[in-house]
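Asks: First to last, the protein sequences are chains A and B. Sequential numbering from 1 applies to the first sequence in my numbering. Sequential numbering from 1001 applies to the second sequence in my numbering.
Honestly, the hints are just simulated from the structure, not real lab data. Predicted model, so just to flag it, every value in this text is computed and none were measured. A hint or two may mislead.
What the hints assert, rightly or not - Chain B is faced by these chain A residues, among others (derived, beta-carbon under 8 Å):
| hint | residue |
| --- | --- |
| 1 | 45 |
| 2 | 65 |
| 3 | 81 |
| 4 | 123 |
| 5 | 124 |
| 6 | 128 |
Claimed, not checked - These stretches of chain B come out as covered by chain A in the derived footprint (C-beta under 8 Å, 3 or more residues):
| hint | region |
| --- | --- |
| 7 | 1291–1305 |
| 8 | 1324–1338 |
Claimed, not checked - Among the chain A residues that face chain B by a calculated CB cut under 10 Å, a handful are:
| hint | residue |
| --- | --- |
| 9 | 6 |
| 10 | 35 |
| 11 | 79 |
| 12 | 83 |
Even glycine gets a Cβ: it sits at the ideal position worked out from N, Cα and C.
Listed here are the chains, written in short residue letters.
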Amino acid sequence: MQQNETIAVAMSGGVDSSAVAAILAREENTVVGLTLQLWDQTRLAGKHGIPDAPKAGRCCSLDDVYDARRVAEHLGIPYYVVNQEERFEKDVVQPFVSEYLAGRTPIPCSLCNNHLKFDQLLNTARSIGASRIATGHYAVNEYDSARGRWILKRPADRAKDQTYFLFGLTQEQLAYTLFPLGRMTKPEVREAARQHGLALAEKPDSQEICFIPGGDYKQFLTAYLEEQGEAMPETAGELVSSSGEVIGRHEGIANFTVGQRKGLKIASPTPFYVLQIDPASHRVTVGADAELATRTLRAGRVNWISVPRLTEPMRVEIKIRHRHEPAWAMLAPAENGEVVAEFDEPQRAVTPGQSAVFYDGDEVVGGGWIL
Amino acid sequence: MRRVYMDANATTPLLPEVVEAMRPYWMEHFGNASSIHLDGQQARRGVEQAREALAELLGCREAEVVFNSGGTEGDNTALFGLLRPGDHLITTAIEHSAVLQAAGRLAERGVEVTHLAPTVSGLIEPEAVREALRPNTRLISVMLANNETGVLQPVAEIGRIAAEAGAFFHIDAVQGAGKVAIDVAAIGCHLLSISAHKMHGPKGVGALYMRRGTPVESLIVGGSHERRRRAGTENVAGIVGLGKAAELALKSLADGTMDRVAALRDRLEAEVLRLPGTGLNGAGVSRAANTANIWFDNLEGEALVIALDLKGVAISGGSACHSGATEPSHVLMAMGVDKTRARASLRFSLLKTATEADVDYVLGVVPEAVERLRAVSPVEAGTLG
Chain A
1 MQQNETIAVA MSGGVDSSAV AAILAREENT VVGLTLQLWD QTRLAGKHGI PDAPKAGRCC
61 SLDDVYDARR VAEHLGIPYY VVNQEERFEK DVVQPFVSEY LAGRTPIPCS LCNNHLKFDQ
121 LLNTARSIGA SRIATGHYAV NEYDSARGRW ILKRPADRAK DQTYFLFGLT QEQLAYTLFP
181 LGRMTKPEVR EAARQHGLAL AEKPDSQEIC FIPGGDYKQF LTAYLEEQGE AMPETAGELV
241 SSSGEVIGRH EGIANFTVGQ RKGLKIASPT PFYVLQIDPA SHRVTVGADA ELATRTLRAG
301 RVNWISVPRL TEPMRVEIKI RHRHEPAWAM LAPAENGEVV AEFDEPQRAV TPGQSAVFYD
361 GDEVVGGGWI L
Chain B
1001 MRRVYMDANA TTPLLPEVVE AMRPYWMEHF GNASSIHLDG QQARRGVEQA REALAELLGC
1061 REAEVVFNSG GTEGDNTALF GLLRPGDHLI TTAIEHSAVL QAAGRLAERG VEVTHLAPTV
1121 SGLIEPEAVR EALRPNTRLI SVMLANNETG VLQPVAEIGR IAAEAGAFFH IDAVQGAGKV
1181 AIDVAAIGCH LLSISAHKMH GPKGVGALYM RRGTPVESLI VGGSHERRRR AGTENVAGIV
1241 GLGKAAELAL KSLADGTMDR VAALRDRLEA EVLRLPGTGL NGAGVSRAAN TANIWFDNLE
1301 GEALVIALDL KGVAISGGSA CHSGATEPSH VLMAMGVDKT RARASLRFSL LKTATEADVD
1361 YVLGVVPEAV ERLRAVSPVE AGTLG
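Could you put together the complete structure from these sequences and hints?
Replies: Structure, rendered in structure tokens:
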């Protein structure tokens, strides 16, 4: 990293991004702290059982903005909060709601990365004279001159690997982005925070979706639609077995995700799982655990990172959800820029709406959205 | 790095004379102005001298000046102190939130509230006030100078309409005091709020002019301070600072200082408006001498504020929300400015101590910052997903 450049640090008020600010401020850079104000945590408070007072540990809670501001003061760096609530609602919240209503299971964090953090924030950073942005994501980002491409790699701390949410980054975005924590472990990051005298070094990690207080997405869907003056669409329908036999009814497809067991209300000696959700007929297919396994996967809206595009089949490991152990597969190009993967071993609960990220060793080859 | 502060409508620094005037009241004349002993009397003298200065600034009797904690308290006192369920309040869509939020709470309690819309230039037309009158109109509340645009409202004409209708008239003069001459008798208002920190006095102190006989119920009750109109031990040093600031403000209005500020503002405004894709909010009407509100097409206002701050120029855009992020100005939106343009509108508000060199410095950094933002912002980077 060249010295004396202006770097904008995306600060969430958590340990990771605070440590990034501290580490970069120590090296002879000009560091500017930026926090995106994405969602008003009080907006749906009190509706449909959504808690009144948002807890700390979520982005955009006032406590977190306060924490980020205190870190910036401690480090003596300029700090600003940038309002992106409208864009967040349009590009993250609304797609999140419509995906669920369409029977899919969305990942808002990837949408936020693609549309807000590495797009809007990067624009703001460059607008104010910063040459790059830095974030607290656990990932490695390196330029490979032989291939002439920026390569995204899995981090030293495998347990904190966030590459799954970063597969949408373009070459231009990667060129302007630093991930200073990529070669550190979480304990090392906490230690660095302690050494820089950051009071929040012991602050717990946040895990939930930031705009869903309490973590109950069904409550959120109902409250958000009501606020928008829309009724929850009527998507009640039949529960059918994989052989097509009707075995019950359900109250709406948005209540389900592929692989789900709870809430099916079917009396049976063996547990049933959601196998498939058909948004057109509102039919939810259920079956035994073994029936969840599939050998193929199709993904669209693919972004390539280590390769310019996929021209011939390639051996990769594929991760199909955040906590999934990547599985070997043969990945092949298909029509309309889509890709088809054939797994060596059948995989459990391939879920439309989630993303599939392709790895070659530590490198992220690319990724797309499961169809 | 050089810093130029052009956000006087947010707050102003104390002038040295103000600091000097306040200095004895922290440790030497520390007495409670209500005490009968000499220490108390020294404090009382400071408070009453300040009251004289305020009476002079506003053209009222000393007994009509009530010291308080600032503009928000003055505005709240006027509205909550006069209005009861069933009364009608006429106010405007461009008021400060101290008036708007008070009006909102009163509306919940059964007060009828009319919010007058401004013209596209940000002016409240006196005829609109007249048309909004109802038999139960008890209070009209209109600001003197708008904080975002600087537009001066026709308060004397509105005062005549209020008098004809037999309604009380409150003026939020927080942004006007010290920038334009005020004569409460000529205006015919019953209540007028001012704040020290907008005119080079300290924060946390202000005054409310209350015409004799105006039946305002006090907001804060307790001791018999301020003739039973505002309880609480006087903030003596603050009040002394406000008095000195008022005295200096009156001097600046008489000695041509504000004309000099107007000339600086006009030069800044004319030069910035030479940039393509810019325009003035509040054009064609009279404005406070120090304020220029300018829109910039094809850029993000919030980023321009940050970029200029990093170059040493302090200005503002919109109003700060709870987290410190910026919301588009409700004043500009009420004037019919669309949201995108309201977001990209910046307020330059000059201190009365501003210099030619300050204006030169700002004019040196604004064009480059605008150009860079325009080069970067419109780029639609990867939007996968």
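Asks: Should the hint that residue 6 of chain A touches chain B count as held when the rule is a Cβ pair under 10 Å?
Replies: This hint holds: residue 6 of chain A lies near chain B, its Cβ roughly 8 Å from the closest one there, short of 10 Å.
Asks: For the region 1324–1338 of chain B, do three or more residues have a beta carbon lying closer than 8 Å to a beta carbon of chain A?
Replies: holds (count 4)
Asks: Closer than 8 Å between Cβ atoms is the bar; does residue 81 of chain A clear it against chain B? Give me holds or violated.
Replies: holds, 4 Å
Asks: Go through the hint on residue 124 of chain A and say holds or violated, using the shortest Cβ distance to chain B against 8 Å.
Replies: Holds - the Cβ of residue 124 of chain A comes within 8 Å of chain B, reaching about 5 Å at its closest.
Asks: Can we keep the residue 123 of chain A interface hint, with Cβ of chain B closer than 8 Å?
Replies: holds, 6 Å
Asks: With a cut-off of 10 Å on the beta carbons, see whether residue 83 of chain A makes it to chain B.
Replies: Hint holds; residue 83 of chain A Cβ to chain B Cβ min 4 Å, cut 10 Å.
Asks: Next item in the hint list is residue 79 of chain A. Is there a CB on chain B closer than 10 Å to its CB?
Replies: Hint holds; residue 79 of chain A Cβ to chain B Cβ min 9 Å, cut 10 Å.
Asks: Checking hints one by one. Is residue 45 of chain A an interface residue toward chain B, by the C-beta closer than 8 Å rule?
Replies: violated, 13 Å
Asks: Report holds or violated for the interface hint on residue 65 of chain A, using the least CB-CB distance to chain B and a cut-off of 8 Å.
Replies: holds, 5 Å
Asks: Would you settle whether the hint for residue 128 of chain A is holds or violated, based on the nearest Cβ-Cβ distance to chain B being less than 8 Å?
Replies: With a minimum Cβ separation of about 4 Å from chain B (threshold 8 Å), the hint on residue 128 of chain A holds.
Asks: Are there at least three residues in the region 1291–1305 of chain B whose beta carbon sits under 8 Å from a beta carbon of chain A?
Replies: holds (count 5)
Asks: Using Cβ atoms only, decide whether residue 35 of chain A comes closer than 10 Å to chain B, and label the hint accordingly.
Replies: The hint holds - residue 35 of chain A has a Cβ within 10 Å of chain B, the shortest such distance being about 8 Å.
Violated hints amount to a single one, hint 1; each of the other numbered hints is respected by the structure.
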